[in-house]
Amino acid sequence: MEKEYIITDIGSTTTKAILIGPRRGEYRLLQNFAAPTTVEFPYEDVTVGVLQALEGLGKKASSVFVKDGKLLKESESNDGGASTQRLYLSTSSAGGGLQVLVCGVMKKVTAESARRAALGAGAIIVDVIAVDDDRPSFLKIEDIRKARPDMVLIAGGFDGGNINFVLEVVDLLNAADLHPRFGGSYKIPVIYAGNKDGRELAADALKKAFDVKTTENLRPAMDLEVLEPARAMMHELFMSHVMAHAPGYRKLLDWVDAEVLPTPLAVGKILQELAKMKKTNILACDIGGATTDVFSVIDNEFYRSVSANIGMSYSSVNVLMEVGIENIARWLPFRAPLDLISDAIGQKLVYPTTIPATMWDLAIEQALAREALRIALDQHKEIAATLPKSPGAFERIFKSQLDLLTMKEKKVLAMDKLGVIVGSGGVLSKAPRRAQAALMMLDAFLPVGVTELYVDSIFMMPHLGVLLTVEPDIAMKVLMKDCLVHLGPCVAPKGSVRPGETCLRIEIRNSSGDSRITEFPGGIVAALPLLSSEESEPVNVKVVPAAGLDVGEGAGKTVEFLTEPAAVGIIIDTRGRPISFPEDPQKMADQNATWALGIGAYTKEEINAMRQSFA
1 MEKEYIITDI GSTTTKAILI GPRRGEYRLL QNFAAPTTVE FPYEDVTVGV LQALEGLGKK
61 ASSVFVKDGK LLKESESNDG GASTQRLYLS TSSAGGGLQV LVCGVMKKVT AESARRAALG
121 AGAIIVDVIA VDDDRPSFLK IEDIRKARPD MVLIAGGFDG GNINFVLEVV DLLNAADLHP
181 RFGGSYKIPV IYAGNKDGRE LAADALKKAF DVKTTENLRP AMDLEVLEPA RAMMHELFMS
241 HVMAHAPGYR KLLDWVDAEV LPTPLAVGKI LQELAKMKKT NILACDIGGA TTDVFSVIDN
301 EFYRSVSANI GMSYSSVNVL MEVGIENIAR WLPFRAPLDL ISDAIGQKLV YPTTIPATMW
361 DLAIEQALAR EALRIALDQH KEIAATLPKS PGAFERIFKS QLDLLTMKEK KVLAMDKLGV
421 IVGSGGVLSK APRRAQAALM MLDAFLPVGV TELYVDSIFM MPHLGVLLTV EPDIAMKVLM
481 KDCLVHLGPC VAPKGSVRPG ETCLRIEIRN SSGDSRITEF PGGIVAALPL LSSEESEPVN
541 VKVVPAAGLD VGEGAGKTVE FLTEPAAVGI IIDTRGRPIS FPEDPQKMAD QNATWALGIG
601 AYTKEEINAM RQSFA
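Position 405, counted from 1, in the sequence shown is what full-length UniProt numbering calls 405; the numbers after and before it change by one each time, with no gaps.
Everything labelled a hint here was simulated from the structure, so no lab data went into it.
Take these hints with a grain of salt, some might be off.
Said to hold, decoys possible - Straight-line Cα separation of at most 27 Å, BS3-like style, residue types lysine-lysine; simulated pairs:
1. 278 x 187
2. 251 x 187
3. 411 x 430
4. 251 x 59
5. 410 x 279
6. 187 x 73
7. 417 x 276
8. 60 x 417
9. 60 x 3
10. 417 x 279
11. 481 x 279
12. 70 x 279
13. 59 x 73
14. 381 x 107
15. 481 x 60
16. 278 x 417
17. 107 x 3
18. 278 x 542
19. 59 x 477
20. 410 x 108
To be verified - Quick list of the computed label-pair ranges, beta carbon to beta carbon:
21. 430 x 322: 21 to 29 Å
22. 127 x 200: 21 to 29 Å
23. 22 x 614: 20 to 28 Å
24. 146 x 43: 25 to 33 Å
25. 499 x 256: 50 to 58 Å
26. 548 x 513: 28 to 36 Å
27. 358 x 134: 43 to 51 Å
28. 308 x 509: 42 to 50 Å
29. 24 x 347: 39 to 47 Å
30. 509 x 69: 55 to 63 Å
31. 604 x 75: 46 to 54 Å
32. 41 x 614: 28 to 36 Å
33. 529 x 499: 36 to 44 Å
Beta carbons: idealized from backbone N, C-alpha and C, even for Gly.
All chains, full assembly: derive it from the sequences and hints.
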């Protein structure tokens, strides 16, 4: 019996459904459809939106997936032959996703570890409460009440240490008198993952008001984190408490053929598998209207951050206020009054669902995206960190206990150590030209060395993440063939680049042995399209940098790699790091225009038309 996979991602505003099934002997994406999510009033039943999405999906697929308000799990073929079995899977971030209150003793130590554990489990952090933060107790209690979390994660105290401080957190929770966000009489779950010596006391103190679960200390020592037990328990409680009590989810749980995953957790699963397949470190982003998620897999460790007020519509003005109008205007290929640029960004807040109506409006939106992604990446670098090494005996003698506790974590995200960057979100995935998405990613992330760039075509990484739990081979094949669009490898040398002087020589050789060589000067962005004879299979690329420049193997050393067919081509970025901008506004605009033309983001006619609008 053939199988089809119907998968939904239930977002806060939209429920996106996809159909994966056999086509010409292999499993591929067959159709997709989206409908409004119905977790809020007046429906207050998530399955209404799911059924609407599946009905629309069925019409596009010339099939019937819903009958009499129920999902059909099996269909007869038109000629009365063998039937098709349908498996239904889902992810969800509706109603704000899994909202977690994180509590710890020290904000920069145990609370930070708890924050990493929650983010890695796909949670939205509603607040971080620490004994040593600056708020007085009455404000902490008030903030806990306002947070309205689905779940509380408590960390604090190294094993064998003082338990009094972590019990202070317990007292704050009891004083806050929390109630479930979606109503009902059930107890909010609390996970205690602190000092093991305080487990019984904490559980006993909380059991009257909360459903208390205990697990291993997630920070048992200064130089040790044990995050997986807490993450696993958070997912278990997400299913048994949050999903079971959210509007309509109990019905949804009866439909699915595998556990419902929080959307960010599903994305994390597929990215970790991609990192294994590619044998490299990965960075990925999902830029939305209100928030921007950044994910990375570094040395097989998964990291995630949520920039809660960084986005393209509802949070557009937040980005403007944080970076300043000059930093947005510096990316435009034309000069325009700064107040007009500000007004255009403000319109995105007032009318969040509108799309750019003019070419110059599109350029402003893409300039805003560069700065939003840059901020989100900077914030992610703070999350992607490893613990400080345990101090030796000599260090312990001469350092105070406070010094030891405040030793800095080591940031692990280095752009020259990344092999793949994946961009997602409307401004990237739906850019009119793939070269525009590539240029936004270059400008925001500043990759170094050789980095493969991709965009998620319709943001179905969550769908494939949950499919991975039941059919990993199918999930990865669909990811590479239907989900990710390969923009191309970016070659960006590290070192002192001199504009105008030759800094790279690139040789492309196809399977027949035919080759071509191109040289590139410093200070440019360019795309080297693959010829028709080079597009059918991977080609060999040899990069020879000038003396003093490094593209991954050391200064002046040649790098060779294979690359697959690419929407943009082999992308060359010899602008140096960081990028330098002329002080003169007209020269700055001319420089941006040259870069946009070089990679094929805009045509000369389009740039001239934009400039004429402000002449």
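Hints, verified against the model:
1. 278 x 187: Measuring from Cα to Cα gives roughly 44 Å; hence the hint is violated.
2. 251 x 187: Holds, at roughly 21 Å.
3. 411 x 430: 32 Å, violated
4. 251 x 59: Cα-Cα ~23 Å, so holds.
5. 410 x 279: Holds - the C-alpha atoms of residue 279 and residue 410 are around 23 Å apart, at most 27 Å.
6. 187 x 73: 35 Å, violated
7. 417 x 276: Given pair residue 417, residue 276 holds - Cα atoms ~15 Å apart, limit 27 Å.
8. 60 x 417: 43 Å, violated
9. 60 x 3: 18 Å, holds
10. 417 x 279: 12 Å, holds
11. 481 x 279: With Cα atoms ~19 Å apart, residue 481 and residue 279 stay inside 27 Å; holds.
12. 70 x 279: Violated: residue 70 and residue 279 sit about 43 Å apart, past 27 Å.
13. 59 x 73: 16 Å, holds
14. 381 x 107: Given pair residue 381, residue 107 holds - Cα atoms ~17 Å apart, limit 27 Å.
15. 481 x 60: 20 Å, holds
16. 278 x 417: Measuring from Cα to Cα gives roughly 13 Å; hence the hint holds.
17. 107 x 3: 49 Å, violated
18. 278 x 542: 19 Å, holds
19. 59 x 477: 25 Å, holds
20. 410 x 108: Answer holds: residue 410 to residue 108 is near 13 Å, not above 27 Å.
21. 430 x 322: 21 to 29 Å: Check passed, 24 Å falls within 21 to 29 Å.
22. 127 x 200: 21 to 29 Å: 27 Å, holds
23. 22 x 614: 20 to 28 Å: 53 Å, violated
24. 146 x 43: 25 to 33 Å: 26 Å, holds
25. 499 x 256: 50 to 58 Å: 56 Å, holds
26. 548 x 513: 28 to 36 Å: The hint (28 to 36 Å, Cβ to Cβ) holds, given that residue 548 and residue 513 are roughly 32 Å apart.
27. 358 x 134: 43 to 51 Å: 47 Å, holds
28. 308 x 509: 42 to 50 Å: 47 Å, holds
29. 24 x 347: 39 to 47 Å: 46 Å, holds
30. 509 x 69: 55 to 63 Å: 59 Å, holds
31. 604 x 75: 46 to 54 Å: Between residue 604 and residue 75, where Cβ atoms are some 53 Å apart, the hint holds.
32. 41 x 614: 28 to 36 Å: 45 Å, violated
33. 529 x 499: 36 to 44 Å: 24 Å, violated
Comparing the model with each earlier hint shows violations of hints 1, 3, 6, 8, 12, 17, 23, 32 and 33; every other hint is respected.
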